[in-house]
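Residue numbers (my numbering), protein chains in the order written: chain A, 1 to 134; chain B, 1 to 134.
Hints may contain errors.
Same chains, same names: a pair is fine if it fits in one copy or spans any two.
[Stated by the list, open to error] With a straight-line Cα cutoff of 20 Å, these simulated DMTMM-like cross-link-like pairs (lysine to aspartate or glutamate) come out:
1) 89 to 63
2) 72 to 49
3) 89 to 4
4) 80 to 24
5) 115 to 49
6) 68 to 2
7) 89 to 7
8) 80 to 63
9) 68 to 92
10) 68 to 49
11) 80 to 96
12) 80 to 59
13) 72 to 92
14) 72 to 2
15) 68 to 96
16) 115 to 4
17) 89 to 2
18) 68 to 91
19) 72 to 24
20) 80 to 50
21) 89 to 67
22) 115 to 59
23) 68 to 84
24) 115 to 50
Bear in mind the hints are in silico, worked out from the structure with no lab data behind them.
2 protein chains.
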Amino acid sequence: MDSDALDAVRLLATRRLPGLVVTDQAGTPVTILPASQVVRLLVPVYVLEDPSLAGVLSESIADRIADKLGGKSVAAVLPKPPPDMTTVKVDDTIIEVAAIMARNRSPLVAVMGAKGIVGVITAPRLLEVALGSH
Amino acid sequence: MDSDALDAVRLLATRRLPGLVVTDQAGTPVTILPASQVVRLLVPVYVLEDPSLAGVLSESIADRIADKLGGKSVAAVLPKPPPDMTTVKVDDTIIEVAAIMARNRSPLVAVMGAKGIVGVITAPRLLEVALGSH
Numbered sequence: 001m002d003s004d005a006l007d008a009v010r011l012l013a014t015r016r017l018p019g020l021v022v023t024d025q026a027g028t029p030v031t032i033l034p035a036s037q038v039v040r041l042l043v044p045v046y047v048l049e050d051p052s053l054a055g056v057l058s059e060s061i062a063d064r065i066a067d068k069l070g071g072k073s074v075a076a077v078l079p080k081p082p083p084d085m086t087t088v089k090v091d092d093t094i095i096e097v098a099a100i101m102a103r104n105r106s107p108l109v110a111v112m113g114a115k116g117i118v119g120v121i122t123a124p125r126l127l128e129v130a131l132g133s134h
Numbered sequence: 001m002d003s004d005a006l007d008a009v010r011l012l013a014t015r016r017l018p019g020l021v022v023t024d025q026a027g028t029p030v031t032i033l034p035a036s037q038v039v040r041l042l043v044p045v046y047v048l049e050d051p052s053l054a055g056v057l058s059e060s061i062a063d064r065i066a067d068k069l070g071g072k073s074v075a076a077v078l079p080k081p082p083p084d085m086t087t088v089k090v091d092d093t094i095i096e097v098a099a100i101m102a103r104n105r106s107p108l109v110a111v112m113g114a115k116g117i118v119g120v121i122t123a124p125r126l127l128e129v130a131l132g133s134h
């Protein structure tokens, strides 16, 4: 939550992640920062409403990044309200994970063990495991 | 559109893609097959409505894959109605691509040149390029 927003976006970008799990100070996952939300943040509202106006934008993408992410916390750039965190348990079956992911339309779920988060499963990774058992 | 659905999902899974661009026979992109849609397809409707019922499901995930994807075309497993295809032009700027992606809430866009599709940009890839120019 209080990590640097620019560091978080660098992590999203360099690892090509669809989103990051955001935890509180105790390490409990509380929400997701989706890559799509960060893209939205970089686009001024009037350009979002009419993409043809992007051509007349005087700011560069670098300016937008500095303006929207520089010196901010992850908490400050989350969607309002932040998406619910979708979690599964380490002993859930693949079908249970698929059901929870599909029901919540979540691109990723956090996997919780007895001592907190132990990993993350994305939709393509779930399909990879499902096909492996085929 | 008429590719084998199981081959398409294998591609999604092994390349860990958030989705595939689906083209018609002429190679024109017409829609997206998102990984999340395939996950939905693998979950029976009654389990989608109540994930706790996943425990009593007699079918394995392998059975579900064979049942839902085996011998089917990509067209048969698309969401109804299929999502609009989001395209950008090769000479669009990063801000234009970001605006179009954000406006359509699309996890990926197809890039169109004079002779058809030349590539695909995902949200994390767009962020990678934007940060590179920072």
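Tested hints:
no., hint, in the structure
1, 89 to 63, "neither (42 Å within a copy, 23 Å between copies)"
2, 72 to 49, "neither (25 Å within a copy, 39 Å between copies)"
3, 89 to 4, "neither (29 Å within a copy, 33 Å between copies)"
4, 80 to 24, "within (17 Å within a copy, 38 Å between copies)"
5, 115 to 49, "neither (45 Å within a copy, 29 Å between copies)"
6, 68 to 2, "within (15 Å within a copy, 43 Å between copies)"
7, 89 to 7, "neither (28 Å within a copy, 30 Å between copies)"
8, 80 to 63, "neither (23 Å within a copy, 40 Å between copies)"
9, 68 to 92, "neither (39 Å within a copy, 22 Å between copies)"
10, 68 to 49, "within (18 Å within a copy, 39 Å between copies)"
11, 80 to 96, "neither (28 Å within a copy, 24 Å between copies)"
12, 80 to 59, "neither (25 Å within a copy, 39 Å between copies)"
13, 72 to 92, "neither (36 Å within a copy, 29 Å between copies)"
14, 72 to 2, "within (9 Å within a copy, 47 Å between copies)"
15, 68 to 96, "between (38 Å within a copy, 17 Å between copies)"
16, 115 to 4, "neither (25 Å within a copy, 43 Å between copies)"
17, 89 to 2, "neither (26 Å within a copy, 38 Å between copies)"
18, 68 to 91, "neither (40 Å within a copy, 25 Å between copies)"
19, 72 to 24, "within (16 Å within a copy, 44 Å between copies)"
20, 80 to 50, "neither (22 Å within a copy, 27 Å between copies)"
21, 89 to 67, "neither (39 Å within a copy, 27 Å between copies)"
22, 115 to 59, "neither (46 Å within a copy, 32 Å between copies)"
23, 68 to 84, "neither (23 Å within a copy, 29 Å between copies)"
24, 115 to 50, "neither (47 Å within a copy, 27 Å between copies)"
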